[in-house]
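Chemist: Sequences are here, hints too, so could you generate the full structure?
Residue numbers (UniProt numbering), protein chains in the order written: chain A, 1 to 368; chain B, 1 to 217.
Check the hints yourself; a few may be wrong.
Distance condition first, Cα-Cα at most 30 Å in a straight line; then the derived DSSO-like pairs of lysine-lysine [as the list claims (entries may be wrong)]:
no., chain 1, residue 1, chain 2, residue 2
1, A, Lys-290, B, Lys-120
2, A, Lys-301, A, Lys-312
3, B, Lys-33, A, Lys-129
4, B, Lys-120, A, Lys-215
5, A, Lys-146, B, Lys-44
In short, the hints are calculated from the structure, not lab data. Predicted model only: the values in this text are computed from it and were never measured.
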Amino acid sequence: MAPRLPARWAASLSSAASASTSTSTSVLTTRVLLTERHALLPRTAKRGVKYGWSTLPSRSRPARFNQVSAGLPAPTAGPAAALKRKEATTPLRTGVLAVKTGVSAMFIDGMRMPCTILQMEQVEVVAAKTRAKNGYWAVQLGLGHKNAGNVTAPLLGYYEAKGVAPKRHLAEFKVRTEAGLLPVGVQLQPDWLKLGQWVDARSNSRGMGFAGGMKRHGFGGQGASHGNSKNHRTIGTTGPSQGGGSRVHPGKKMPGRMGNERVTVQNLRVLKVDNEMGIVVISGHVAGPKGCVVKISDAIKKEPPAQTFIDKARRILLERNPDHEAKLEQARLRHLELKDARKEGTIGEAMAATTALATAAATETATV
Amino acid sequence: MATETTPSATETAAAASSIPPPISTLAARKPTKFHVIPSRNPVKPIRTAFAVYAPPPSARAVHPEPLVSYHAQQIRRLDRSGARTNLFSKKNPDAAKPGDVLQVTTNRGEPFAGVCLSIKRAGVDTAILLRNHLTKVGVEMWYKIYSPSVLGIEIIWRRPKRARRARLYYMRKPRHDMGNVEHLVEAWRRSRNVFSSNKGRGAQGKGKGGKGGKGSK
Chain A
1 MAPRLPARWA ASLSSAASAS TSTSTSVLTT RVLLTERHAL LPRTAKRGVK YGWSTLPSRS
61 RPARFNQVSA GLPAPTAGPA AALKRKEATT PLRTGVLAVK TGVSAMFIDG MRMPCTILQM
121 EQVEVVAAKT RAKNGYWAVQ LGLGHKNAGN VTAPLLGYYE AKGVAPKRHL AEFKVRTEAG
181 LLPVGVQLQP DWLKLGQWVD ARSNSRGMGF AGGMKRHGFG GQGASHGNSK NHRTIGTTGP
241 SQGGGSRVHP GKKMPGRMGN ERVTVQNLRV LKVDNEMGIV VISGHVAGPK GCVVKISDAI
301 KKEPPAQTFI DKARRILLER NPDHEAKLEQ ARLRHLELKD ARKEGTIGEA MAATTALATA
361 AATETATV
Chain B
1 MATETTPSAT ETAAAASSIP PPISTLAARK PTKFHVIPSR NPVKPIRTAF AVYAPPPSAR
61 AVHPEPLVSY HAQQIRRLDR SGARTNLFSK KNPDAAKPGD VLQVTTNRGE PFAGVCLSIK
121 RAGVDTAILL RNHLTKVGVE MWYKIYSPSV LGIEIIWRRP KRARRARLYY MRKPRHDMGN
181 VEHLVEAWRR SRNVFSSNKG RGAQGKGKGG KGGKGSK
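Modeler: Dropping the structure here:
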């Protein structure tokens with residue numbers, strides 16, 4: 001690289017300096033340019049390319065091409081961009097899990113409204129997924145109860161650490177920010193949903209088994225006569241001939257397994273919530289047979305319930321579960337103790353000690 | 001598999017010496033059950049064990065059939081006197097049955113009378129199907145019996161013999177079609193007028209229909 005020409009102002013300085021004293025220009029230039037502040041620039045408007053000022057980055061320190069400091073535009077792909085992109089369609093707060101128990105109708109202001117009755121059975125918060133650890137914000141909910149004998153050992157340890165009884169079903173509800181998360185171990189009740197609010201209901205549809213093209217995709221079938229032979233419900237041709245490549249295009253609709261896939265029914269109204277019976281009644285119908293698990297969440301295409309209601313529901317939830325923090329902490333500590341005992345093979349003794357102490361405490365209280 | 005532990009005295013004694021100190025702090029806590037996974041080794045019968053916490057109270061245990069509760073609740077709301085329920089109750093011997101001619105009065109238009117072809121029993125969504133001929137055209141109407149727009153249901157004419165089917169769809173066939181029931185409605189109206197007057201001389205065979213009609217309100 002050719003030595004950079006001194007700027008005009010520097011040249012004038014150096015020439016003046018050389019005229020007065022007999023020191024070299026380089027020293028003088030250094031004295032002017034490199035001070036302890038290091039950011040010293042002359043108070044002059046004569047800066048720029050045409051005055052000999054290079055705007056190129058110095059070659060000794062190439063720009064870091066993929067760093068935060070590189071001045072690149074924010075990436076449009078990747079985890080952060082994905083979260084940002086989905087922000088508008090992610091609910092502010094968690095939804096609830098419920099079991100479909102049947103369909104009926106409700107008369108509202110003289111009008112009949114078909115409705116689905118769902119029951120929330122022992123719905124508890126099992127875990128919180130965080131941006132730092134999991135890459136997204138979500139609340140993991142559990143529904144129902146499962147006999148411990150039907151739960152695998154790893155999952156038993158999972159529930160032990162949470163202080164939660166084994167659940168029949170687990171599901172996650174993504175939330176927009178950290179503010180949507182809930183503490184582990186609190187139980188959700190139907191009044192988490194606001195009467196009259198809009199919700200989306202997600203569930204697995206009824207499985208139809210192996211179905212033909214007419215039933216599965218609504219194909220027209222073929223003629224009953226005009227020489228048709230034993231092909232009345234078959235799908236017919238599956239693709240073009242030689243001109244079209246003589247192949248079947250990927251994704252061609254064909255006979256196969258129908259149903260038992262996740263179906264979302266959007267924009268249903270909450271018609272009734274009843275904590276005592278544990279039921280949520282929502283307008284319209286939800287996919288799946290009776291007994292299927294339905295995820296009910298705030299509708300993504302409608303306004304969520306008012307922030308005052310969200311705050312109120314959260315406050316009521318925490319009031320109903322006042323000691324959730326202590327419970328969780330105890331469960332964690334105990335899980336660590338029992339985990340160590342399991343590793344050392346002394347779980348039998350630990351268990352016996354716990355039970356003995358518990359029975360002792362029970363008898364003590366009984367005598368008192 | 002799922003065995004709740006009840007430790008024997010020897011186990012407890014053996015454990016007492018080797019309790020790690022933190023476990024003694026468990027004394028104050030609520031006793032939780034353990035799920036023991038046994039092993040086949042007779043020397044060491046317990047392979048591992050996990051604490052299992054008690055589940056929260058179950059709504060399903062208290063209300064195993066929420067749909068039934070929902071129906072009862074809604075019917076209480078819509079039919080406070082219980083008259084409509086009684087009119088179609090299977091326990092009521094005087095209830096309306098398929099084959100009877102019923103008249104439904106709604107909050108708009110004229111009352112519709114017709115022979116009841118079927119009663120679809122579905123709690124608060126229970127409905128009746130009535131068939132009549134209007135201007136010589138067969139007309140069928142479904143009515144939700146608990147609908148607020150249904151003001152009254154009256155029994156116009158009782159089928160002399162109980163129908164042996166629950167769904168009388170065969171009455172749509174020309175051979176079995178009752179045709180227009182206007183003459184039955186007229187007769188019922190006349191008999192009702194007789195009853196409402198003070199003369200009291202109309203105690204003929206049509207008293208039953210009038211009685212049922214009153215009862216339905």
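Chemist: Evaluate each hint against the coordinates.
Modeler: Consistency of the hints with the structure:
1. Lys-290/A / Lys-120/B: Holds. Lys-290/A to Lys-120/B sits at ~20 Å (cutoff 30 Å).
2. Lys-301/A / Lys-312/A: 23 Å, holds
3. Lys-33/B / Lys-129/A: Roughly 28 Å separates the two Cα atoms, so the pair holds.
4. Lys-120/B / Lys-215/A: With Cα atoms ~28 Å apart, Lys-120/B and Lys-215/A stay inside 30 Å; holds.
5. Lys-146/A / Lys-44/B: Answer holds: Lys-146/A to Lys-44/B is near 27 Å, not above 30 Å.
In this structure, none of the earlier numbered hints is contradicted; all agree with it.
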